[in-house]
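4 protein chains.
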Amino acid sequence: MLIVMNHKAGERQVEAVVRAVEKMGLRAVPIPGSERTAIGVLGNRGYVDDSTIRDLPGVQEVIHVSKPYKLVSRDFHPRPTVVKVCGIPVGEGKRPVVVAGPCAVESEEQILRTARAVKKSGADMLRGGAFKPRTGPHTFQGLREEGLKLLAMAREETGLPIVTEVMSPDTVGLVAGYADLLQVGARNMQNFELLKELGRIRKPVLLKRGMSATIEEFLAAAEYILAEGNHQVILCERGIRTFETATRNTLDLAVVPLIRELSHLPVMIDPSHATGKRSLVSPMAKASLVAGAHGVLVEVHPEPDKALSDGPQSLTLPGFEALMEELRRLSAFLGHGGAGENAP
Amino acid sequence: MLIVMNHKAGERQVEAVVRAVEKMGLRAVPIPGSERTAIGVLGNRGYVDDSTIRDLPGVQEVIHVSKPYKLVSRDFHPRPTVVKVCGIPVGEGKRPVVVAGPCAVESEEQILRTARAVKKSGADMLRGGAFKPRTGPHTFQGLREEGLKLLAMAREETGLPIVTEVMSPDTVGLVAGYADLLQVGARNMQNFELLKELGRIRKPVLLKRGMSATIEEFLAAAEYILAEGNHQVILCERGIRTFETATRNTLDLAVVPLIRELSHLPVMIDPSHATGKRSLVSPMAKASLVAGAHGVLVEVHPEPDKALSDGPQSLTLPGFEALMEELRRLSAFLGHGGAGENAP
Amino acid sequence: MLIVMNHKAGERQVEAVVRAVEKMGLRAVPIPGSERTAIGVLGNRGYVDDSTIRDLPGVQEVIHVSKPYKLVSRDFHPRPTVVKVCGIPVGEGKRPVVVAGPCAVESEEQILRTARAVKKSGADMLRGGAFKPRTGPHTFQGLREEGLKLLAMAREETGLPIVTEVMSPDTVGLVAGYADLLQVGARNMQNFELLKELGRIRKPVLLKRGMSATIEEFLAAAEYILAEGNHQVILCERGIRTFETATRNTLDLAVVPLIRELSHLPVMIDPSHATGKRSLVSPMAKASLVAGAHGVLVEVHPEPDKALSDGPQSLTLPGFEALMEELRRLSAFLGHGGAGENAP
Amino acid sequence: MLIVMNHKAGERQVEAVVRAVEKMGLRAVPIPGSERTAIGVLGNRGYVDDSTIRDLPGVQEVIHVSKPYKLVSRDFHPRPTVVKVCGIPVGEGKRPVVVAGPCAVESEEQILRTARAVKKSGADMLRGGAFKPRTGPHTFQGLREEGLKLLAMAREETGLPIVTEVMSPDTVGLVAGYADLLQVGARNMQNFELLKELGRIRKPVLLKRGMSATIEEFLAAAEYILAEGNHQVILCERGIRTFETATRNTLDLAVVPLIRELSHLPVMIDPSHATGKRSLVSPMAKASLVAGAHGVLVEVHPEPDKALSDGPQSLTLPGFEALMEELRRLSAFLGHGGAGENAP
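Chains as they are written, first to last, in my numbering: chain A, 1 to 344; chain B, 1 to 344; chain C, 1 to 344; chain D, 1 to 344.
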């Protein structure tokens, strides 16, 4: 921690700060400069609460060097985490995985037809929302438990592990009873009660970045899950909110190599939500693999023009098949071994 | 709803769209232009799900005229809603209220001392967090039920209604057992399960705007509460997230008159979280009243330099007293009658 | 300057950094911490170019304490600057000024009619664009020199000083021949060649904040003008670009007290461009004065529905008269003396 | 254009709007809805100035279907533009080009050494700034004409075309006397006087996206150049400004396929400015090609730790050589033919 004093802070104010730091059991080293004095703080283990310092007379700014996360940090845990979902490994050194399926589970026919098709095209897991967060209360909110049962039926038939969203702490048990990978949506990234509850189960979690979350906040949110004991977390960038409205969100693809530097957790990309436009999904899915993502989530719907949500960003079944063919070739070029051959 | 066709969309594509619209039970009116054709959609009651349309060949864009909210809209409910908190009216035509107190309840001594002081200075309600959402898991998370009990003790002594945050659906009952006004924090603005639960109780709710929520999303979130039957909702702007880091958030004060046009619900401002700097709180609190806010939330702490959270943005007790004196004069100038005289 | 080393940086890397700092003629003080070492840099006068440091092995981050501006800083020049425009003082301790007029000068009749009306209502200066920056090339670009002549004619008749935009270095001379206060638009805030040219004239400059400029960049842009010798600069906040589209821009009103802390230059607000909606202009103009602004710029048009640009955000003549009446009362309440009585 | 009326707008107000539209020589078609009436406007050629409409009583919103650009639009000019720089083609169907070099030209030794090395590694063009826009006036501003001469010397020796920035209309002639491709920096994207001047020369222009420019504004800025007669424009995404500070900017890579849909102009990516971190440059350069970019600009410096600007984001010479090897393999995989073999 570094404490920067005002231009006009006198010696007495510097001394008062030094004393306050020492009272916290830490060491303070004044660094006089030509324009102002700074005070280095030593001896802290992890993030220090600066509230007793920031308000002292003469203090201009407090700069933190430590981060609000530690368990997720690569600095402290250099070895990459490989998360296993029903035996399928996700993470560094593994072939990137493809999770495919509709935004929402709508009917038995829709989910089974999609599951069979994406399985045939080579997808690794099936996604589908049973609990759907929607901006307003007057639109389709998902089939809830009925949707979970349909997903389980699809898994039964195809063998694909299922990925689905959980929206509140009290439904974690219910969703975990069906899902193989529990998804936390962007709107719930800082729903801390939900995160803690997920930290207490023993199933892997897919944590989506909040639409205005910094990488620091994203990693700190994951820290909530790890801190409770569940280390099986996959991070997922799905676009952030910016001034640009030509795309649904702005895909922040550069976070892939950045997160890989900062954290040992695997990172995936959701190009469907990030762009919101079908024609942009395939180029961004491919770019994601090249950038180093450990997998992609792609929305696929047998009849996108009849989808109850997110139709315009969903690939058709033939569109998905074509994308898989491209991803397989790209993956082979990048040296991951052929997609679809990654038997558990 | 307006459907804009591509430059090159032919007659057949236009006809296909018209048929799709009619299948939804609505009327479609093609509007040929010099560059492209648009198709007006008539007869819808409220927001239409456009997913069956957006993907048809030749469709370039779908523009919505309706909004994802209706119950909160002034268009449909022109008369202003006045929310009563223990008899204290909040809303149009009423004297603006001042809610004051620490970010977090820390101890009996801290909350009682603050409560007595803000009561004496003329505050209308007492705020204080018992359940605290924090970026990382390694910092103080609040006293939880113990904090609620201390707040109740402070109300007992001072008569001030209490305002406190609720973070998850399963604690709504617990918090509602103590609080007079239940606050939804910015991070939970789209925690829809929480909103629905709050829609089922009969206590007023203070809904804070999410840090990257548009006004449309903000109103749609309030709609979730009203849709379940609870119409006692106060909206609260607390700063949005932008590229600017010189202040903690960016106070979007212009939403005060804007929300008053769009909605019948009362709107308050939290200048403490919006700016994050003590020296900016008073000017922004005063500006809020002039802009038409129905009240302000101000963080006050007896010893800000010892606060467990948000010290730098908290006013001291004498600082708050001075602000109240200014707000009283300003309120009188604006013609609301003197603050502190608004007996229930 | 503070240099933060990696968790794993060894002693040798720390030494290499210390040597590099010393080679720059500065002093380096290593501050070993429990997790990593930081190195304080002393002896610099102003901002240090960190490029020789940032890339050394083991360096994680370089944190600057100094700012890229000095002449505009209140830290170094505590006394407020009062800018005089034709004898009218703008700045701390002076009555706030009102600059009014149309977005663009369109015709003799339009500008004279507006000038007479705003003069009568009590405006201090007349604004009007002769050179207009427009998003696309196919819309009205202003009357150019013809517009300047019409402005001069309006000044001749009403005595109001004129405020108008200059868009390129080579027209500074031309515009300065007519204008009393030269405006730099938001899009040109970092047009450094223009800023330097304005630094060489002896007329006051109104510098508008860029739509995505931080306060630090805003002040650094003003520094360009002061660095060339022209200290007569008024800063103007006109809204920043955020994700919110309900208003044209987001008025960042909290920068008024913030800039007054950081700089000695006067600061004004343009609520018309900031909000883009007529109904929001008056509440925000009043809020600006309460927040401590030294003046406001308001768009006024005799027939807003016929304006060639920005009609929807322009006040009508009676609308402006009503606003002036309110501002006069508010200004008197705030203790600035009555508006309109501030004879040069 | 679509005009949306208020919920409460009566028949007379609708009629008044219809008359106003007709007065503009256009046709108006009222579309009554269940909640409000909309009015379609037909017969316009291109963007309509809505200022005479927006303010009529009862008008709630005006929605534009046309765009503020036409010449750059693929809708109107479906065939891709291939820009030739000294005979090197840039655009659809051509091998992606690599432009490499230092942020700023610093010395003869520095630029020659870089030029030789990047030529040897297979770069197509040499970049280097002679006129440098810097946030504050107290840092290195470039060697100006001296820098241009050094660039010409490097071209003389290596045969590489040179790319350099122009900052003001009055230096366009000077810079065009040396450069083969004139760059407009992000800060000047809406310096309309500069754009017009560049529209009058007959050399290609590289237009960088402003840091808060929408794609619509970006294309409209290019329209300024084309409207003056110069159609040789390459667009360049270099990161936008968002709330995220972990990277210097946020690379908006999804605009590559989006721009390719909307415009016939070539589009390049600058991963160095977009990310600001050396370790992120290579992954993003590769991802750019996969996303469909027609080329990349990469900062390369022989001694990044001594660079006068942008050291931390510059590749070293060996780092660049390694990247070129990767790009060559990737380009071959993508089917563009080997890099470096694209003789003019």
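Check the hints yourself; a few may be wrong.
Pairs involving identical chains hold if they fit within one copy or between any two copies, as the list cannot separate such chains.
To be verified - Straight line, CA to CA, 25 Å or less: simulated DMTMM-like cross-link-like pairs of lysine to aspartate or glutamate:
{"id": "1", "residue 1": "K8", "residue 2": "E261"}
{"id": "2", "residue 1": "K120", "residue 2": "E228"}
{"id": "3", "residue 1": "K196", "residue 2": "E11"}
{"id": "4", "residue 1": "K119", "residue 2": "E321"}
{"id": "5", "residue 1": "K94", "residue 2": "E11"}
{"id": "6", "residue 1": "K306", "residue 2": "E22"}
{"id": "7", "residue 1": "K8", "residue 2": "E216"}
{"id": "8", "residue 1": "K120", "residue 2": "E15"}
{"id": "9", "residue 1": "K149", "residue 2": "E326"}
{"id": "10", "residue 1": "K94", "residue 2": "E61"}
{"id": "11", "residue 1": "K149", "residue 2": "E109"}
{"id": "12", "residue 1": "K203", "residue 2": "D170"}
{"id": "13", "residue 1": "K84", "residue 2": "E156"}
{"id": "14", "residue 1": "K277", "residue 2": "D305"}
In case anyone wonders, no lab produced these hints; they're calculated from the structure.
Source: prediction; values computed, not measured.
Q: Have a look at K120 and E228 and pick one of within, between, both or neither, based on CA distance no larger than 25 Å.
A: neither (38 Å within a copy, 43 Å between copies)
Q: State whether the alpha carbon distance between K120 and E15 is at most 25 Å within one copy, between copies, both, or neither.
A: For K120 and E15, the Cα distance exceeds 25 Å both inside one copy (71 Å) and across copies (35 Å).
Q: Since the copies are identical, ignore which copy is meant and state whether K196 and E11 lie within 25 Å (CA to CA) inside a copy, between copies, both or neither.
A: So K196 and E11 fail the 25 Å test inside a copy (46 Å) and across (39 Å) alike.
Q: Go through the copies and call it for K94 and E61: within, between, both or neither, with a Cα cutoff of 25 Å.
A: Neither, since 44 Å and 31 Å both go past 25 Å.
**Q.** Homo-oligomer pair classification [E109, K149; C-alpha up to 25 Å]
**A.** within (13 Å within a copy, 53 Å between copies)
Q | Up to 25 Å CA-CA - E22 versus K306, copy category | A | between (65 Å within a copy, 15 Å between copies)
Q) Between copies, within a copy, both or neither: which fits K119 and E321 at Cα up to 25 Å? A) within (10 Å within a copy, 41 Å between copies)
Q.
Within a copy, between copies, both or neither: which one fits K277 and D305 at a CA-CA cutoff of 25 Å?
A. Intra 13 Å, inter 37 Å, cutoff 25 Å: intra-copy only.
Q.
When Cα atoms must be at most 25 Å apart, do K84 and E156 count as within-copy, between-copy, both, or neither?
A. within (19 Å within a copy, 54 Å between copies)
**Q.** Intra- versus inter-copy proximity for D170 and K203 (alpha-carbon distance at most 25 Å)
**A.** So K203 and D170 pass the 25 Å test inside a copy (16 Å) and across (22 Å) alike.
Q. Under a CA distance limit of 25 Å, which applies to K8 and E261: within one copy, between copies, both, or neither?
A. This pair counts as between: shortest inter-copy Cα distance 14 Å, intra-copy 40 Å.
Q. From the Cα coordinates, with 25 Å as the cut-off, is the pair K8 and E216 best called within, between, both, or neither?
A. Result: close only across copies, 20 Å inter versus 33 Å intra.
The structure does not agree with the numbered hints 2, 3, 5, 8, 9 and 10 stated previously, though it agrees with the rest.
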